[in-house]
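Peer 1: Chain residues, written in single-letter form:
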Amino acid sequence: GQNIDQPTEMTATEGAIVQINCTYQTSGFNGLFWYQQHAGEAPTFLSYNVLDGLEEKGRFSSFLSRSKGYSYLLLKELQMKDSASYLCACKEAGTALIFGKGTTLSVSS
Amino acid sequence: GAGVSQSPSNKVTEKGKDVELRCDPISGHTALYWYRQSLGQGLEFLIYFQGNSAPDKSGLPSDRFSAERTGGSVSTLTIQRTQQEDSAVYLCASSTDSGANVLTFGAGSRLTVL
Numbered sequence: 001g002q003n004i005d006q007p008t009e010m011t012a013t014e015g016a017i018v019q020i021n022c023t024y025q026t027s028g029f030n031g032l033f034w035y036q037q038h039a040g041e042a043p044t045f046l047s048y049n050v051l052d053g054l055e056e057k058g059r060f061s062s063f064l065s066r067s068k069g070y071s072y073l074l075l076k077e078l079q080m081k082d083s084a085s086y087l088c089a090c091k092e093a094g095t096a097l098i099f100g101k102g103t104t105l106s107v108s109s
Numbered sequence: 001g002a003g004v005s006q007s008p009s010n011k012v013t014e015k016g017k018d019v020e021l022r023c024d025p026i027s028g029h030t031a032l033y034w035y036r037q038s039l040g041q042g043l044e045f046l047i048y049f050q051g052n053s054a055p056d057k058s059g060l061p062s063d064r065f066s067a068e069r070t071g072g073s074v075s076t077l078t079i080q081r082t083q084q085e086d087s088a089v090y091l092c093a094s095s096t097d098s099g100a101n102v103l104t105f106g107a108g109s110r111l112t113v114l
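Here the protein sequences come in this chain order: U and R.
In terms of my numbering, the first sequence has 86 at position 86, counting the first letter as 1, and numbering is strictly consecutive.
In terms of my numbering, the second sequence has 71 at position 71, counting the first letter as 1, and numbering is strictly consecutive.
Do not rely on the hints blindly, as some may be mistaken.
As the list claims (entries may be wrong) - Partial list, derived from the structure: chain U residues whose beta carbon lies under 10 Å from chain R:
{"no.": "1", "residue": "Phe29"}
{"no.": "2", "residue": "Thr44"}
{"no.": "3", "residue": "Thr95"}
{"no.": "4", "residue": "Ala96"}
FYI, nobody ran anything at the bench for these hints, they're computed from the structure.
Don't be surprised by glycine CBs; every beta carbon is placed ideally from N, CA and C.
Isolated chain R (complex conformation) (with noise of 0.2 Å):
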């Protein structure tokens, strides 16, 4: 596509359930990655895809947090058991594995969790 897609755009949830993020990047770009954004603070890295190499999982919080990609494309992070501090937004962003690396970001996907 065109840009990074992210679903859902905003979601809430209550304590324990399990929910799960979707990530569209954009066609060709071989790296991808989840960062999560707490309000009024950075951006903290959760994990990073690189074409076929296995994922950089080393900023995943805990092990009820997991994520997926499908075929080079599609990723998916899936919270289990939330917790209210795993409220955020979730960002997703893509990029090329040549020259700068420019980021692209998916607009996120706002997690609340009662």
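Only chain U is shown next, with the shape it has when bound in the complex (with noise of 0.2 Å):
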């Protein structure tokens, strides 16, 4: 089984920096997902690691190290539309996507 750990609430302000930690324990790793998910909609993909090392998209970055079950979701220069919830999740190999329960983000001015 998996156990994916994030925290629940972070709060930041206006065109600041925010780091959002996962931590995951699992086996046969096959891919790490951050997902994003606005009140009352679907979630939607963000990024995906499967080596360790860093992915840059624009204002998010995540991060990976495989070694130390860890990931981060980097988001930089907040905006207000960055209020959302941020799904770290995990798979193994084939098996179902397992997410945590999620970080709700709120982005103040």
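Bring the two chains, given one by one in their own frames, into a single complex with the hints.
Peer 2: Put into structure tokens, the structure is as follows:
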């Protein structure tokens, strides 16, 4: 089975940088995903890491350390529209994608 | 289709009734997933179909829940003898079976059991 842990809530201000951490325990690791979910909407894909290191995509970056079972999502130049839940998810080979409980980020002006 | 389509978008039912929720995945996507999300909670895995393989039913919470996928495309999630704790948004997602297997989600079916 899998165990995925991330903070429940975080707050930040517009223009700031925030880092959302995720730790996981799994066997047969086959990828770490981050999804964004705005209130009342379906989750949408943000990033995917399968190798160690940093993946940068605009204002969002995601980091993975497989040896430590650790990932983070870095959001730069925060905007009000970034207020959402951020879901860390882990995949094992041949199995379903399992999600953590999500981190609710509130961005204030 | 262009996206994952789910129906109904909203369903209100009485305790003890059976409900069926439908998912039409993206054409060509071989993997199909059902998740459940209660208010303010994360996504709870229910069931996973991958091609012609036997489905992974390990997430189904009880034998009142079942799902099938006909012809490798449309899937139906059936909840028998609904209980109030079944109230949630039921999300369907599909993906290819290659590369990153990025999931595309439908808008969900909101189930309310009175």
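Peer 1: Go through the numbered hints given earlier and state which of them the structure violates, listing their numbers in rising order.
Peer 2: 1
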